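Trainee: Please take these sequences and the hints and turn them into a complete structure.
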Amino acid sequence: MVDNIKRSLLVSIWFVFLTFPLMVVKVNTLKNIVEWRWINMLWVAIGAFVLSIVWRWAMERRQLKNKKAEQGEEESVLPGFGQRLLEDPKIFKPVLIALALVTLVFPLVVDIYQTNIMVLALIFVVLGLGLNVTVGLAGLLDLGYVAFFAVGAYTYGVLNSFFGFGFWISLPLGGLMGALFGIVLGFPILRLRGDYLAIVTLGFGSIAKIVIENWEEVFNGAKGIANIPRPGFFGAEMSIHTATTYTYYLMILMVLFAIFITNRLKDSRIGRAWMALREDEIACVAMGVDMARTKLGAYAFGAFWAGLAGVIFASRNTYINPNSFTFMESALVLSIVVMGGMGSIIGVIVAALVLILMPEYLRAFAEYRMLMFGAVMVLMMIFRPEGLIANVRRKYAGRKVVTEDANARG
Amino acid sequence: MPEVSKTMPEVSKTMAEPDNVLLDVKDLTMDFGGLRAIDAVSLNVCPGEIVALIGPNGAGKTTFFNCVTGIYKPTNGAVMVHPPEGKSQKINGFKSNRVTTIGMARTFQNIRLFQNMTVLENVMIGRHCRTTTSIIGAILRGSKTRRQERETIEISYDLLEKVGLVDFADEFAKNLPYGAQRRLEIARAMATDPFLLLLDEPAAGMNPQETKALDELIVRIRDKEKISILLIEHDMKLVMNISDRIYVMEYGKEIAQGSPMDIRNNPKVIEAYLGEDADA
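Top to bottom, those sequences are chains S and C.
Numbering of the first sequence is given in my numbering, commencing with residue 1 and proceeding in unit increments.
Numbering of the second sequence is given in my numbering, commencing with residue 411 and proceeding in unit increments.
No wet-lab data here; the hints were simulated from the structure.
Since we're looking at a predicted model, the values are computed, not measured.
Which chain S residues face chain C? A few, computed with CB under 8 Å, are given here:
1) M275
2) E279
3) Y396
For each residue, glycine too, the CB sits at the ideal point set by N, CA and C.
Mentor: This is the structure in structure tokens:
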């Protein structure tokens, strides 16, 4: 401990020295004097010291944990909080009910601005769940996921402005268009893996944006498409406030739908094949899994959700332009998947809410958003590489129970 | 084993009758650029046989496996399969998943399990090509899907029981001891309902006890499951114990074939393994 404090002191002195010209010295060119802001030096010293202590403590804890794991000891007697939350029905049920209640009354107690942000967060939850299949389950690193999001949004935008299609017809069409593009773009990447795949998909994302920007006749170029109608409800007239609340409930249904479907797929023949493909492609094919079909399936399935989310995004904003579909969005969705824990559905939901809502409510730190984002990612990779809530493998009951019973009887 | 001793002397005869051969490889050649890795190797496996393919390191045994199972496309020659049920066909250049679906499953020299999946799931993947649930089917989870899923679990547990891994069913594959991982690979391959199992060095890295257990397992698979076996192996004790016939390769060429007794006394084989001056 004393050693830690000593080292942290050294670190803090070093930081004071390093930041001295930036934080302390200020040249006032108007009055031609040098201002000495000594108080900043104190802050830097204290900040660096505290951070260093915390860092050392965390690293020591991690090392201790690793050592225990190496010696074959159980990681801890009590499973982690996340795990207990999921497995113990005593905790799980009340939490779920409370959560459901909060979700239901949320738009009624907060103002329209909050609801609108929540809708955006939920859109990213759906995007995260979709990409979670492609990246988390099937292991296809996709850096151009936003392309399918754009396909969905522009499907609605174009169909609406040219043919007057409504939201409810465009929603499935947007999803299908996303899936279709997923299959078309999936063919050239069938043979690629890892870094190569990432680079090519990165290219897809950029191509999508450039095409939209430059194809004036159809997509209206950089000006974007305006006056996209909000979701309708049997032709009822709705004020902006009701429409937003309505969109919110719609989005909640959509998230539940996405959870339901991805969950079912995860525990099925298809989901297992996706995971096997991620683990070892050669072995997977040698076990009789059709690589092309399985990969395209995963890619198209992920793209389908992006398409759906895109349609809702367009209707929420009532206006879309190419700037909503940059690499930043792809990176954001990918961070959601990585931070949430590859393949874990609940993890993705939590991460999406954190990553979208935090910047909105911490407007004061808006300038440092990307800085904090990067720091969070680095810390995650060091301390919890498996994500916020690690993917818990399903145990297949049934047979084992039967044999145990037989043993007990016999 | 009276059945084996009966089929053995008739090898030359069975080669002429396609109904009695499962796998018939003729003059298989594989070039990598200018390098001829396999040079006109012929090999066949009859029902109920354990056939071994041996040879010094780098002889081209694994390449031969890769050609037969569709990982490489052979330059020349024919790989014919005659499944017990179904029609005979030439499978050169088939993708490996098609080869597996036809009924030839393999294991790998350097274990290739799905590390982060459970032991049971590893075996369940083997059932993939024998089940039909589609994406839509998996979402709707109708009665057919549920039945298939139940069957898959049943069969997988059965297979785990056969290789003695049932207690590890919910363990991650990467946490298994080495010998158990090898057995899991065999169980996974068996889950594809093959008529021929291709084992690539199943005893590599095993201790004598594990090798003995493996020896028994392979014979049991042949006798009880009626699956023929083609194996690559360096453990001569194992090979001589269980093989009905042995093929020997050196530098991509087939230098000998015959019963374990013949091979043991074949001067060419001794030369290949021990060098020319071994007798001097």
